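All chains should be modelled from the sequences, with the hints used to inform the complete structure.
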Amino acid sequence: MDPSLLPDLERFSMQVTVYFAPSDLPKFWEAFKPIFDVVVNEPKIVYFEVFEDPAEPGKVSWIENWDGSPKWFMTEFMPSRMEYYKPYLEATEPLFVKPREFSIKKRVGLPYVVQKEGNLK
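Counting in full-length UniProt numbering, the sequence shown runs from 1 upward without gaps.
The set of hints was computed from the structure by calculation and includes no laboratory data.
Quick caveat, the model's predicted, so the values are computed rather than measured.
Nothing false has been slipped in among the hints.
Ranges between beta-carbon positions, derived for each pair: (1) PRO3 - ALA55: 34 to 40 Å; (2) ASP67 - PHE102: 17 to 23 Å; (3) LYS86 - PRO26: 19 to 25 Å; (4) PHE51 - ALA91: 16 to 22 Å; (5) PRO79 - PRO26: 29 to 35 Å; (6) MET14 - GLN115: 15 to 21 Å; (7) MET78 - ASN119: 25 to 31 Å.
Using N, Cα and C, we set each Cβ at its ideal position, and we do this for glycine too.
As structure tokens, this is what we get:
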């Protein structure tokens with residue numbers, strides 16, 4: 001994506017959806033867990049949660065909230081981390097049954113954000 005087309009935000013939420021044949025989900029989870037573990041330890045990641053769509057088996061989505069701009073993410077963060085993303089991408093992209101979808105959202109923040117202990121169960 002052309003960085004000049006990215007929204008000018010100090011922080012952002014990225015929402016990603018990928019589609020697999022349900023039989024390929026174990027391969028996805030096996031490839032995803034190592035990169036998830038690395039990303040959640042990045043200093044600027046503030047939230048990361050993954051979802052499955054019960055109405056559409058094989059559809060997996062996640063939300064990443066970052067304390068950095070989309071431009072920083074695309075021009076500095078991603079290029080400097082491609083070596084650890086590479087095994088995940090090589091293992092999962094051939095399994096896609098539809099193109100990956102992603103969108104960048106402006107985080108509204110307080111007072112419209114809450115995290116309760118029950119969410120972590």
